[in-house]
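**Q** Listed below are the residues making up each chain.
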Amino acid sequence: MKALGLHLGVLLTLALAGLLLPDYHQGMLTRVLVMAVFATGYNLAFGYTGLLSLGHALHFSAGMMAAGLAMRDGMAPEAALPLGALAGTVSAALTGILALRTKGVSFMIVTLMFAQAFYLTLLYFGAFTGGDEGFPLPGSARQMFGLDLTQPGPRFTVALLLFGIALLVQAALVRGRFGRSMVAIRENEERSRMLGYNPFTIKLTALTLSGLYAGVAGAAYGLLFGYVGAGFGTTQYSILPMLYVLLGGAGTTLGPLLGAGLMAWLIDAASSLTEASLAIIGAVLIALVVFAPKGILGTIRERGAKWLP
Amino acid sequence: MGTGSLLMLATLEGTVMAAVLALAAVGLSLTFGVMRVVNVAHGEFFMLGAVLAWAVAQAMPSAPLGFVAALLIAPALVGALAWVTDTALLKRLNYNPDSTIVATIGLSYLIQQGALSFFGPDARAVAAPFTLRLQFPGFGYSGYKLFVVAAALLVLLAVWWGLTRSRAGLVMRATQVDRNTARAFGINVDRVYAGTFALGAALAALAAVLLAPISQAHYLMGHDPLLLSFIVVIIGGLGSLRGTLLAALVIGLADGILSMLYPPTLAKILATLAVAMVLVFRPQGLFGDRT
Chain C
1 MKALGLHLGV
11 LLTLALAGLL
21 LPDYHQGMLT
31 RVLVMAVFAT
41 GYNLAFGYTG
51 LLSLGHALHF
61 SAGMMAAGLA
71 MRDGMAPEAA
81 LPLGALAGTV
91 SAALTGILAL
101 RTKGVSFMIV
111 TLMFAQAFYL
121 TLLYFGAFTG
131 GDEGFPLPGS
141 ARQMFGLDLT
151 QPGPRFTVAL
161 LLFGIALLVQ
171 AALVRGRFGR
181 SMVAIRENEE
191 RSRMLGYNPF
201 TIKLTALTLS
211 GLYAGVAGAA
221 YGLLFGYVGA
231 GFGTTQYSIL
241 PMLYVLLGGA
251 GTTLGPLLGA
261 GLMAWLIDAA
271 SSLTEASLAI
281 IGAVLIALVV
291 FAPKGILGTI
301 RERGAKWLP
Chain D
1001 MGTGSLLMLA
1011 TLEGTVMAAV
1021 LALAAVGLSL
1031 TFGVMRVVNV
1041 AHGEFFMLGA
1051 VLAWAVAQAM
1061 PSAPLGFVAA
1071 LLIAPALVGA
1081 LAWVTDTALL
1091 KRLNYNPDST
1101 IVATIGLSYL
1111 IQQGALSFFG
1121 PDARAVAAPF
1131 TLRLQFPGFG
1141 YSGYKLFVVA
1151 AALLVLLAVW
1161 WGLTRSRAGL
1171 VMRATQVDRN
1181 TARAFGINVD
1191 RVYAGTFALG
1201 AALAALAAVL
1211 LAPISQAHYL
1221 MGHDPLLLSF
1231 IVVIIGGLGS
1241 LRGTLLAALV
1251 IGLADGILSM
1261 LYPPTLAKIL
1271 ATLAVAMVLV
1281 FRPQGLFGDR
1291 T
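Going line by line, the protein sequences match chains C and D.
No gaps in the numbering here: position 8 of the first sequence is 8 in our numbering, and each next residue is one more.
No gaps in the numbering here: position 180 of the second sequence is 1180 in our numbering, and each next residue is one more.
Be aware that one or more of the hints could be misleading.
Just a few of them, taken from the derived set where beta-carbon distance is under 10 Å, the chain C residues facing chain D [claimed, not checked]:
id, residue
1, L94
2, G104
3, V105
4, F135
5, G231
6, T235
7, I239
8, L278
9, V289
10, V290
11, P293
12, I296
13, I300
Cross-link-like lysine-lysine pairs, in silico, DSS-like; alpha carbons within 30 Å at most [to be verified]:
id, chain 1, residue 1, chain 2, residue 2
14, C, K294, C, K2
15, D, K1091, C, K294
16, D, K1091, C, K103
Here are a few chain D residues that face chain C, going by a calculated C-beta distance under 8 Å [stated by the list, open to error]:
id, residue
17, G1004
18, Y1095
19, L1266
20, T1272
Just so you know, the hints here were simulated from the structure itself, not pulled from any lab data.
The beta-carbon is built from N, C-alpha and C at its ideal position, and this holds for glycine as well.
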């Protein structure tokens, strides 16, 4: 009950913030919400199941490309968004079947290589995908359920709606039986195998769900901000969700949102002092692994607030 | 140019590539073999070597002098940075695989930004220490490139000798096999780790200094060597030096020859996919023994 109340409270606060914030910050919040959907999916794989993937840019950009190319060819966003979700899901399931044969460091490198190969493929077929320069989506293609997504207000509404669904589904999932088996695998794979679980199936399901989230986020990113490009397939877009999850707290429901939001405003605040946003990302990553490996919410939960979801 | 000359040129280019690659990859292989640390910042150590080579060469009056100075100073500085990184950062993480990967990702961003801020976004040319043109039947070839091959071979031989014949190498191998037993025998494992990490980084920097006159120094140049080094180390078998050298030769030659015949992007796609498949289906590498 407490957890449900907290989640609804956070969503309500976000809705109010969207209404009250000035345009610039509302736009930033929209972007943060979409990236938080991505990071929430990453949290399912990394935070709850312990799968440190370095290749989620693949699922994000697969979703974005599938939806973007379909919309460029005249498909309606109502159909393109599910298509993007499907692309993310399928890409995660296919690479997962192979990558999950490995563990630990090899798993990270294999996922990294798959993502890199996909990125290079996008560049190789640059004439079709737009390559590094990408392509804009015309305003006429960005009309969904009567909402004009070239306007900031409707854009924020859609982002909040998607994040709300992502958050509540995640919360329900991790409280349920399946979520507990995910955590069991993370904590001790051999023991959960002995208890009769099939680690491979559980890990593959978690990874596929995670890909679904990434695909939705990628498709929504292209749809809301009107630009699709291969650049979203670079390694940096695999690192970002990991950074958000680590910062907010891996294995906490609200950690991904907190991490994405904090990083966005940190880089924004620092941009008046320095252009060195890469250095900020680097410094935060290092500080996190050294001083707070459990992230913000993870540390709070450890220091007393045990009920924190 | 006839087919024979073309093939010979491609083989030469491949050999140069293989030499530089082997140096960089051996550094990565050493750190993984001895410390079980995957150093994602390895490519940035490489880049730093090239950028420092440019900086040192700028400060020197003549090109040969600048090159020799760079050859000594750049690997030393990069090695020192790696030493500090190991003692101040990796040791605190207890060399936990997940944490060290995240930390070295962070480090790679910091180094990249540092190079961008201090050296700027332009590609900088470094002058070769000598300009000698060798005439082959059908084409002329840069003597400096052949010097790079010889120098890389010499360094690799030295590393080989050091690891198999010297006391330091024995200590490193002992630590690799079992760090607790090594510690019990009075080996200062912390220093072995710091030294190995520094040596690995210095080898990458050295490779970059040798390569700088052929290509250029640029703050984003670490990306490809990192990927290729990973490929070489994985194909050769993680932590196996012999496999790494063999794989560097095969991949360097293949890269040199294929990139003359096919678009480089396609070659890279196939190479990355091949590596992923090797890790999935033959995790001990193509040349490594199953242990």
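**Q** Against each hint, give a clear statement of whether it holds in the structure.
**A** Each hint, compared with the structure:
| no. | hint | result |
| --- | --- | --- |
| 1 | L94 | 12 Å, violated |
| 2 | G104 | 6 Å, holds |
| 3 | V105 | 5 Å, holds |
| 4 | F135 | 19 Å, violated |
| 5 | G231 | 14 Å, violated |
| 6 | T235 | 9 Å, holds |
| 7 | I239 | 6 Å, holds |
| 8 | L278 | 4 Å, holds |
| 9 | V289 | 5 Å, holds |
| 10 | V290 | 6 Å, holds |
| 11 | P293 | 7 Å, holds |
| 12 | I296 | 16 Å, violated |
| 13 | I300 | 21 Å, violated |
| 14 | C:K294 - C:K2 | 22 Å, holds |
| 15 | D:K1091 - C:K294 | 19 Å, holds |
| 16 | D:K1091 - C:K103 | 23 Å, holds |
| 17 | G1004 | 31 Å, violated |
| 18 | Y1095 | 12 Å, violated |
| 19 | L1266 | 6 Å, holds |
| 20 | T1272 | 4 Å, holds |
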